[in-house]
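Student: Got chain A sorted already, so can you dock chain B onto it with the hints?
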Amino acid sequence: MSGSSSVAAMKKVVQQLQLEAGFNCVKVSQAAADLKQFCLQNAQHDPLLTGASSSTNPFRPQKVCSFL
Amino acid sequence: MCDQTFLANVFGSCDKCFKQRALRPVFKKSQQLSYCSTCAEIMATEALHENETLASLKSEAENLKGKLEEERAKLHDVELHQVAERVEALGQFVMKTRRTLKGHGNKVLCMDWCKDKRRIVSSSQDGKVIVWDSFTTNKEHAVTMPCTWVMACAYAPSGCAIACGGLDNKCSVYPLTFDKNENMAAKKKSVAMHTNYLSACSFTNSDMQILTASGDGTCALWDVESGQLLQSFHGHGADVLCLDLAPSETGNTFVSGGCDKKAMVWDMRSGQCVQAFETHESDINSVRYYPSGDAFASGSDDATCRLYDLRADREVAIYSKESIIFGASSVDFSLSGRLLFAGYNDYTINVWDVLKGSRVSILFGHENRVSTLRVSPDGTAFCSGSWDHTLRVWA
Numbered sequence: 001m002s003g004s005s006s007v008a009a010m011k012k013v014v015q016q017l018q019l020e021a022g023f024n025c026v027k028v029s030q031a032a033a034d035l036k037q038f039c040l041q042n043a044q045h046d047p048l049l050t051g052a053s054s055s056t057n058p059f060r061p062q063k064v065c066s067f068l
Numbered sequence: 001m002c003d004q005t006f007l008a009n010v011f012g013s014c015d016k017c018f019k020q021r022a023l024r025p026v027f028k029k030s031q032q033l034s035y036c037s038t039c040a041e042i043m044a045t046e047a048l049h050e051n052e053t054l055a056s057l058k059s060e061a062e063n064l065k066g067k068l069e070e071e072r073a074k075l076h077d078v079e080l081h082q083v084a085e086r087v088e089a090l091g092q093f094v095m096k097t098r099r100t101l102k103g104h105g106n107k108v109l110c111m112d113w114c115k116d117k118r119r120i121v122s123s124s125q126d127g128k129v130i131v132w133d134s135f136t137t138n139k140e141h142a143v144t145m146p147c148t149w150v151m152a153c154a155y156a157p158s159g160c161a162i163a164c165g166g167l168d169n170k171c172s173v174y175p176l177t178f179d180k181n182e183n184m185a186a187k188k189k190s191v192a193m194h195t196n197y198l199s200a201c202s203f204t205n206s207d208m209q210i211l212t213a214s215g216d217g218t219c220a221l222w223d224v225e226s227g228q229l230l231q232s233f234h235g236h237g238a239d240v241l242c243l244d245l246a247p248s249e250t251g252n253t254f255v256s257g258g259c260d261k262k263a264m265v266w267d268m269r270s271g272q273c274v275q276a277f278e279t280h281e282s283d284i285n286s287v288r289y290y291p292s293g294d295a296f297a298s299g300s301d302d303a304t305c306r307l308y309d310l311r312a313d314r315e316v317a318i319y320s321k322e323s324i325i326f327g328a329s330s331v332d333f334s335l336s337g338r339l340l341f342a343g344y345n346d347y348t349i350n351v352w353d354v355l356k357g358s359r360v361s362i363l364f365g366h367e368n369r370v371s372t373l374r375v376s377p378d379g380t381a382f383c384s385g386s387w388d389h390t391l392r393v394w395a
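So the protein lines, in turn, are chains A and B.
Residues in the first sequence are numbered consecutively from 1, following full-length UniProt numbering.
Residues in the second sequence are numbered consecutively from 1, following full-length UniProt numbering.
This is chain A alone, in the form it adopts within the complex:
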């Protein structure tokens, strides 16, 4: 029988929706282009993507050292 609390809850929902409605959002094409741009720009610095060689990756097996 808690009428007042469901009114309060609904008021919060409406307020939240009003907040979200005021949000200036960007077109998906723009947002997607930016994501793609970020990926491509940083691709060379991504060891898991480029498959960094064992000399730079501490986890990959090291080449055997030999004493000269």
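For the record, the hints were derived by calculation from the structure and aren't laboratory data.
No false leads were slipped in.
Simulated crosslink set (DSS-like; lysine-lysine; CA at most 25 Å straight-line):
(1) A:Lys12 with B:Lys58
(2) B:Lys28 with A:Lys12
(3) A:Lys27 with B:Lys356
Tutor: Same frame as chain A, now just chain B:
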């Protein structure tokens, strides 16, 4: 609203207006009060009014939702994978288990990397929290928590402390000491207190503040030194299972995911929810920001991972396959954001091409559910923890 009203010959002071009147018993929120007839009538009309207000609010909410969807649909002019059509496809990936960390006596539930890119903290169902050197696989520290199911653990940015918690409803911070004579458990500091289990925790940019997520449906920001609650975040309709802080350049926000199928983005200073996304069909087990901070990925029990763009305010990609029917428990991006690693309950790890939406690799190795997965801070490897009691470092 009155449940029942009896006419009784009681005379006294009304519980509402305090005037001396003939009273009748009235039930409000299952509590019995005595109102005079005037106040009883007012209460009846107030209730009617409340119902009207509730109805009008509901229709306003429906209107706003409809408007929002319309507006968002207008901006949905293209799909991410279409934009990425011209991008070169990724080649074959050779990723293998390079280290296996054995030592936990039960399911590994959570892990985190240290900023030094080599140390790892992991926690398990049996209450043990272990700090490992992933290069040598040696255990450097071990602590036994007073509770089982330590579902959350995190490394402090300085590398000098760890935080963990679970069924004890608390988040505790342990300073790491190399002194053999010191008992780590003795220096434990209880920081967060929730009313249900702790599901996730993370230090903010410093060792001084911790963000926690709990089964009680809230997230909270705490000061480590004093244990004081700095801000609380209410809005999830059910248990919050995961959280991730935005990369430092983008400011004071974090994203959380819960059993209410919602992912919510919060402003840490005001405690306000700034954006919410509800497209998953089941619990969201893991959320992780895209490296640029403009998007985040989520993994859910509905067997899909999804990418949400914050500036477009919508879901922009789904990573799923008909053959994948088990939930994704944990997700993380590679350094450039091109790869999404996701651990599943079918014991595998799938590697997705974030831009094209296709799966590039499937990694086998664990002998039970993959429960946690994190890419190392320098992106050279990623670590997965599983219910098979082990952690594996892949590169």
